[in-house]
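These protein sequence lines are chains A and B, in that order. For the first sequence, position 32 matches number 42 in my numbering, and the numbering has no gaps at all. For the second sequence, position 38 matches number 48 in my numbering, and the numbering has no gaps at all.
None of these hints come from the bench; they were simulated from the model. Watch out, some of these pointers could steer you wrong.
A few chain B residues that face chain A, going by a derived Cβ cut-off under 10 Å, partial list only [said to hold, decoys possible]:
{"hint": "1", "residue": "T94"}
{"hint": "2", "residue": "E95"}
{"hint": "3", "residue": "R104"}
{"hint": "4", "residue": "F105"}
{"hint": "5", "residue": "E109"}
{"hint": "6", "residue": "L112"}
All C-beta atoms, glycine included, are put in the ideal place defined by N, C-alpha and C.
Protein chains: 2
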Amino acid sequence: MPTDQLSTTFAALADPTRRAILARLVTGDCSVTELAEPFAMSLPAVSKHLRVLERAGLIARGREAQWRPCRLEAARLKEVADWTERFRAIWEQRFDRLETYLQQLTAKEKRHGGKKRGQ
Amino acid sequence: MPTDQLSTTFAALADPTRRAILARLVTGDCSVTELAEPFAMSLPAVSKHLRVLERAGLIARGREAQWRPCRLEAARLKEVADWTERFRAIWEQRFDRLETYLQQLTAKEKRHGGKKRGQ
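Make a model of the complete structure from these sequences and hints.
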């Protein structure tokens, strides 16, 4: 089991239902019943996902006795975004190189009138 | 086991050693031996992590018989960054609200000469 915060966050995000729940909470706080609606899933199954998200600090739950609204805790997601930033230069470089390559290919095609050159 | 790409990516990132390996590869391609160096870990243990990263499409390995250099595949990390973007407005909002609150607090402190007000 992961013990560091970022590993716990990533493990919690490794599930499409949990990511969909977080995306839903962008629009505002929700009850468990509201969150369960779009999923073909029992309330206990949704509650289980919510516990994982809560333990990872990705959501917080209100203290109101019956209706415990879920709220997005975006700070953990900011940590994920910050972590990916160190790789931005790499993917931008790769896309730049791909673009240059495609431009060269197009220029070559034009020069040769679209004809295939021999090997 | 997660079956969608983003879940596979997040699951692969839920480990500090695997994240450290990716961070190391930002500086350039590496052999397994080079990657194992900073970790108190056997080569087979590192190889196991590399297989997880390779299956998730986060690294690619060269086809040279003996020395199979590992290369970062940043496209998957761009997907993670893109996914977090939808939450940016939320965390920026929260930090803005926090800043406003702190400014109000400081202003109030100044007005009252640092004295505590009664309830």
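Hints, one by one, checked against the model:
1. T94: Constraint on B/T94 satisfied, holds at 4 Å.
2. E95: holds, 8 Å
3. R104: holds, 6 Å
4. F105: holds, 9 Å
5. E109: At about 14 Å, which exceeds the 10 Å cut-off, the nearest Cβ of chain A leaves the hint on B/E109 violated.
6. L112: Result: violated, 16 Å to nearest chain A Cβ.
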